[in-house]
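> Listed below are the residues making up each chain.
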Amino acid sequence: MATALKASLVVLTVVPDLCMMELSDDDCKNMYKIMTEDSEKRLSRLKEELSKKGVQMETVVHFGRAADTIVKTCAETKADLLVVGSHGRHGAKKFLLGSVSSKVVEHAPCDVLVVK
Amino acid sequence: MNEERKSPVTLIIGLILLAYALILRSQNESLTPTGLVAVAEYLKTGKTIGTQISVGLWSGIIISLVGIWNLAVPAMTSKFDKLVRAPMAGIGMIMILAYVTRYYMEPIFKIWGKQAQPMLGFDMASVFGLNYILLGILLGIVWVNTIGIPGWMQAGVKTARLAMKVGVITLGAMYSITELKYLGGLSIVMVATFVMGTSLFVLWLGKLAQAERPLIGVLSAGLGVCGVSAAVAAAPVVKARGVDMAYSIGMLLLVGVVGLFVFPPVAKMVGMNELQFGAWAGTGILNSAQVAAAALIFDPNTIETLKVAEIFNITRILFLPFIVIVLAVWFAKGEEEAEKGKVSIGKVLIDKFPLFVLGFLIMFAFSSTGIFTPKGMELHGKHFYKFKIDEKKEVRTRDLKKISAFLETGAVTDPKVKAALGKLVADRQITSAEQTDLVLKAQDFTKEKDLKAAFKEADKLVQAKPATMEMMREYMMWFFAFGLIGLGMQITWQTLRQAGGKAAMIGVVAGITKATLSFFVCWLLIKGSI
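For the record, the sequence lines run as chains A and B. Residue numbering for the first sequence follows this note's numbering, starting at 79 and increasing by one per position. Residue numbering for the second sequence follows this note's numbering, starting at 19 and increasing by one per position.
Please keep in mind that the hints were generated in silico from the structure rather than gathered at the bench. Ideal Cβ placement from N, Cα and C applies to all residues, glycine included. Take these hints with a grain of salt, some might be off.
To be verified - Computed Cβ-Cβ distance ranges for the label pairs, DEER-style: (1) E115(A) <-> S96(B): 28 to 34 Å; (2) E154(A) <-> L101(B): 46 to 52 Å; (3) L124(A) <-> I79(B): 55 to 61 Å; (4) L124(A) <-> L101(B): 40 to 46 Å.
Given only the sequences and the hints, what does the whole structure look like? Please build it.
Right under this line is the structure:
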């Protein structure tokens, strides 16, 4: 789709914010660094493949609650379209784990495409 | 960000605290209890009204002033703004919560516990330790998982860590040299055994479960030493990935939280004393803040348990660098192509040395010079004594007669004890620190309850309560109460949900093993009290 529209992609990874009272600022920074590097490493192959096809891709790593962070980043980057995957959990699991995609659909300031 | 800091929240919270203190003060002056004072009478918190007013007034004034300042000039990014102005709203909110738990929730549960006793057969408030510490943690947990932490509160919640450290540093002033020596020795033996034992056990268990090496390494440090902080400290040397850390942190927090709620009631049921429980909590509970929490849940009125537990916790933290080094060596061995020998022992020791332990030791050093205690008072054992001869401290004549009669029977074989008792009868009171020990030791020579009580009474009469120390204790408890509400606020469903996979299995097995083994060691092998 991105190739057809000649659009550029922003790929967002949300890492849960695990910085807590037990940890000093240094420890938190250390942890953020490891998590960020880790996510970037995982996305680097995708980035390479896409760049071969001529699609520009930017990777972003943010810390926090998934739904909130996605909505916030969407607003910040002024994206035209937000693509989000859905696990399709139901019943008790849905109640306990919540559905990121449904929260995003509800609160996002931009158009949302949910991939099932 | 500037918009958030310009909000009037800080001022509103400051005014709430101020208003509460002022209302309480005005109602406290009337002869018949009215309004809040009447409520306090019903809740039996009448004695605390003075503290409630003074803490409320001061914090209310300070928070309101910062609130006005924040409204007039938005906080910038200077250190002072970050450390004082931005967190003030959150600090105030947690203080309000601390008021609610300490002066309203705890007394209510106490009353309910008593009322429900005939029906349940036990006092639920005392068995489950439903005191303000536990209630504060629970309130924090409920708060963060329902309302969540709004932006204006976040900076304040982060200060909970600092509050706990300040609490522990202050605690440093409350040890005597004998106590520190005894507890230090005991904790080194216990902690060394359990830290090494658990770390190695986890390495073995991880291999058995065929978990990946970075994950095993992180878990080994976390379960062996001091929970989440140890896991993160060990992460770089075992090249842990994000996933490993997320799993381990979630699991370590979960095991710690379970321990926090399970340890105190279990100990109450088997009748552990302060020394036993402090040692058990300091060894078996994973995270530092949770250790303090468990000790205070077990015993919120005196600080004896906390003193024991913290020594164990500090000893444990001091073991961290060694475990990091052991793990580095272990990890390098398994990596064929890895670059070896990158960790220098000296660097790890310096980097990982916890500054608050230094503060704790400095505080202890100050305290042992006697600057917190008025002249003539000395700290001996766990009590303060005043040995200046004073009629008020005289032992009752009836008891003195009993003691001299006891001396004449010749039952006391130790000449030192004999001399000490003789001097007690002559002076009618104890006059030195050594004498208190000997008089207390005299209890071993008799089976008569009256005599034993008389010896104890003689000791009690010369005990003194230094005002500075009492005040420090009160403030310290505020710091802990504050910090522990913050502790509750970090126990989020989101974090706990991270626990999973092999990390969860290894964590549960190792956590339960450590808790159980240390329970039996503390319960059966540690005798006596401090």
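> Which hints, by number, does the structure contradict?
Hint 2 is the one this structure does not satisfy, whereas the remaining hints hold.
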